[in-house]
Every structure is written in structure tokens, then in C-alpha cells.
Amino acid sequence: MHALSGFSLVSLLSLGYLSWDWAKPGLVADGPAEAGDQPSVAPPQPPHIIFILTDDQGYHDVGYHGSDIETPTLDRLAAEGVKLENYYIQPICTPSRSQLLTGRYQIHTGLQHSIIRPRQPNCLPLDQVTLPQKLQEAGYSTHMVGKWHLGFYRKECLPTRRGFDTFLGSLTGNVDYYTYDNCDGPGVCGFDLHEGESVAWGLSGQYSTMLYAQRASHILASHNPQNPLFLYVAFQAVHTPLQSPREYLYRYRTMGNVARRKYAAMVTCMDEAVRNITWALKRYGFYNNSVIIFSSDNGGQTFSGGSNWPLRGRKGTYWEGGVRGLGFVHSPLLKKKRRTSRALVHITDWYPTLVGLAGGTTSAADGLDGYDVWPAISEGQASPRTEILHNIDPLYNHARHGSLEGGFGIWNTAVQAAIRVGEWKLLTGDPGHGDWIPPQTLASFPGSWWNLERMASIRQAVWLFNISADPYEREDLAGQRPDVVRTLLSRLADYNRTAIPVRYPAANPRAHPDFNGGAWGPWASDEEEEEEEEEEEGRARSFSRGRRKKKCKICKLRSFFRKLNTRLMSHRI
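Read in order, the letters of the sequence shown correspond to residues -23 to -1, 1 to 550 in mature numbering (1 follows the signal peptide of the UniProt record, and there is no 0).
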């Protein structure tokens, strides 16, 4: 971080958003576009890795998927690289980020349920070796810019303690794009922009998408391209609140739906921020030995401007609209470029894939659920992955029509779970509202249109789809193929035997920003952590024995937050 501090504010801005020549042709197309399918020469050193993660960007919200939103940079980068059209993520924020950085399913980190809320004494398990830590072992400098959302109640949970040399961003799930304020309930509000382990009060007022692009360019300007770099840019965009600089809103002034108009402006602003970062990679000598990965973190929130059309469902659901991700890889090092890959890829796969690219190693002892998919992406080989556990969440509201009997005595179908094996996808419990929602292009969205595609009265707890033949999940085959249902229920049971107890503690009043100078930040001492661990162990023992919880104040508080998160996750109307 000391190397960065030597830059003045003027020099920082000179590298940032306001200085780019938007009319300059070929900012992104200067790479080896003519390489075709010719093998690339092996790089002299491990490649620079730039991982760009967007927040709540819908499947339909990119130009190359036929969107009404302008994303010329993403379109060109994807066209010149490899589009991942069988790529899966998780339905909400924390799970996707945890699986990216650990290479493990949620059932193996205790984060099966909901998200990590600001007042919860919870974070990415400290015994997990993270992706940036593995890359540090391989000699990489590691930097993070943007949204963390993996817990911060102890200093040991912070990004700079989990493998990143530097960090600029927010610790919580969503903040104001200009003021960086975040509220976790009425009257529980605080500032959330941090540089390293300090509160970055002085950076308030700058639009976060631009600020993060500026910092990414600053890092590239100050780093020696002869030394390998891992740059993780986790944009806050395009999560709510819907805020955008006015000049981007003007482009969509004819778009009738106000939420969609604001959302579109935010997407286009983010696209140009990616353009800035790509231009900086070329200007400072990183591009020719770089791998750029672009990914969304979950499906779009359709009632906040996003669109997953023609997929079913939305953010917070296990339908394809919630878990099918936007993704592509752009790199001069790809052996087969300018193509679309149908290889099955999951967000856990980036951990072993990137460690392998960096020259590091992983083993069975690491307990990873991901696979090295670089040969599938770069060379077009078959993916080593044949199945995906989307999740098993024992705390989510149990489906009224599910039962162990309904699961052939193999699995309680009241439990929310989803799994993909080969071409088959099975869902049990309550997977969330399963609507098909057309793009919102009108100022008022006629209820009659939506009702034509609603699944309003669902009296079942098991669904089976052939995703290869029916990617929009319109033909449920559970009744026709009980043999496949049995097989996939058995796989769920197998996975569940390896699951660790869910960690979802109640809110701690000590976390209130008022006790931390008005900002969100770590609050727990080592002694409190020991007490919390003992309490968690007690809850796990009680859960495993099926004991009934006592009706105490803390239990009621915990129940309240679970119900609150359930509503947030499913986004019921």
C-alpha cells in the first residue's frame, strides 16, 4: 500500500475515468485479434490475472445476449475471447463470493443459508486457505477493489488478513454509490468505505464504479509488469440502490420503465469502467501476458431493473435465472479464441484453475469442490465437471408439500436443495418464485402479462428438468422419470453427509456503527470470539440431536433475522 500512497490526487485522477479519450478507436481491440485458433507461445512468467465480478447483473443484461442495454466493451472482449454459456454461479451475493475465494461449496463452509449480514458475528471461515493466499504463495501481488461481503466482525476476517496486499472497497452488502452509507435496519446505519483496514472518509462523494476503476488503474500504473499480479475488481454495480451519473441516464431517456432506465445507465457506466481497466492493462504493459475473467455473482433482480429473460426465475432463486451466470474469458494466451464454450463450469472452478495458471498446486487434501477447467476454456477440451451442487439449505422455509416419503425415503423433499447432474437438474423444497419475466420496457408493467407466466399456486416439492433440451425449465419431467429423480435424490443425500453445520448467528448489538465512530467495522474481541464459538458448538449439537430450542430473547431475535433474510432472499411481493 505504501507504493500507492506516493501518488497525488491529481495523478490518481489522471489515471482515472475523467482522463480517458472515449473517442479513441481500438482501445480494446488492440490485442491479437487475428490469432484465430493458432496456439499461443508460452508466457515467460505466470500470467497476470484480472477477475472482474459484477453484482446483480442479469443474464439478459449484456449486449451479446440481445439486451437493450449498451455494453460495447463487454461485447468486444467476449467476442475476442471465449464466452461461457454453460456457466453457473450462486443465487445471492455471499455464497458466490465465498465459493470463488475458497473453491468449496457452501455446505463445506457453513454458509448454506442466506448472506452474511453486517451485524452478524460471522465471516468466511478462518481455517480456509483463500485463492489470493494461494496466489501469494506462488509469488503474486494481490489486490482487491470493491465489495467484500464475506464478514468483518473480527480483524482476522478483513480482506487484508485473507490474502490481499491492498484493499479499497466496502465490507457490507450494499451501500450508497456516493455517500457509502449502509443501513441494516431502521436507525442502524453507518459509513462503509475502507482503504486497507482504515475507514476512507476522505473518498466519500465519488461514484463507486468510477472510483474502483480509478484505483484499479492506479494499481496497474504502480506495479512492475515483470512480477505476476492478481487484481480482483468486485464492482458494487449494478446492485441497488439504483444510482447513476446523469450523463449515462440521458442515453436511456426514452426508456419508459424508470427502474430499467437507471439500471441500464449503471450497466453502461460499469462497461466503460471495464474499458478503462483494459486500456490501462495495455498502457502499462500487462495485457499480452494477462487473463481477464468476467463474471456476474447471481441472477438479476427483476423488480429493480434487471432481466434474466428468457430464463426462469430471478436473484434469490435456484431456477436458471438465479444461478446461470454471465461469464467470459479474454486473453492473448487462449489457444482457441473467438468462440462460445458449452463446457460445464461453476464458480468454484476458478480457484484450482487460477492456481494452476499461476504455477501453484492443489491436492485432494485441500478439499476443493472445483476443477481446473483451463483446458476446456483455452483448448476446447471436455470439461472435467459433470455435476454441480447448487446448494442444500436446511434453514430455509420448508415446503408444505414436501416430505421424506415424497423423496422415496431417500431425501426430505421439504428441504430447499438443487443439483445438476449431466443434463438433468433437480430442485426440492421451495426454490423461490419460478416466474418468466419479460424485459421491463414499459413504464408500468401490466400485471396481466406477468400473470400469464406466473406459477402462483404450487403444490409440489420436486421438479426435474433436462436442462440441455429445456434450458428455460418449462417442462417438468419429475412424474415421467422417477428413476432419474431417485438417482439425483441419492446424490443430494451423499452430499449432505459431507455438510458441516450451518453458521448463521444472531445479530450482535456491539456491531452498531455508533460504537465504531459511525462506520461499519470489526467489533469482536478474542474473548467474544471464544464465547461465540462455544455458543455455535452448542447450537450445532442441539441441531444434530433435534432438540427444541428454548424460547428466550436471543432465540426470538435469531428467528426474526432468519425470517427477515428469508424474505430478502426470495423477494416475495
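In case anyone wonders, no lab produced these hints; they're calculated from the structure.
Each hint should be verified, as a subset may be incorrect.
What the hints assert, rightly or not - Here are the computed lysine to aspartate or glutamate pairs in the DMTMM-like style, where the Cα-Cα straight-line distance is at most 20 Å:
1) LYS313 - GLU356
2) LYS132 - ASP491
3) LYS313 - ASP491
4) LYS132 - ASP104
5) LYS132 - ASP142
6) LYS313 - ASP349
7) LYS259 - GLU249
Here is how each hint holds up against the structure:
1. LYS313 - GLU356: holds (6 Å)
2. LYS132 - ASP491: Holds, because 18 Å separates the two Cα atoms, which is no more than 20 Å.
3. LYS313 - ASP491: Outside the cut-off at roughly 54 Å; violated.
4. LYS132 - ASP104: Distance of about 15 Å is within 20 Å: holds.
5. LYS132 - ASP142: holds (15 Å)
6. LYS313 - ASP349: Holds, because 17 Å separates the two Cα atoms, which is no more than 20 Å.
7. LYS259 - GLU249: holds (15 Å)
Hint 3 from the list above is the single one not met by this structure.
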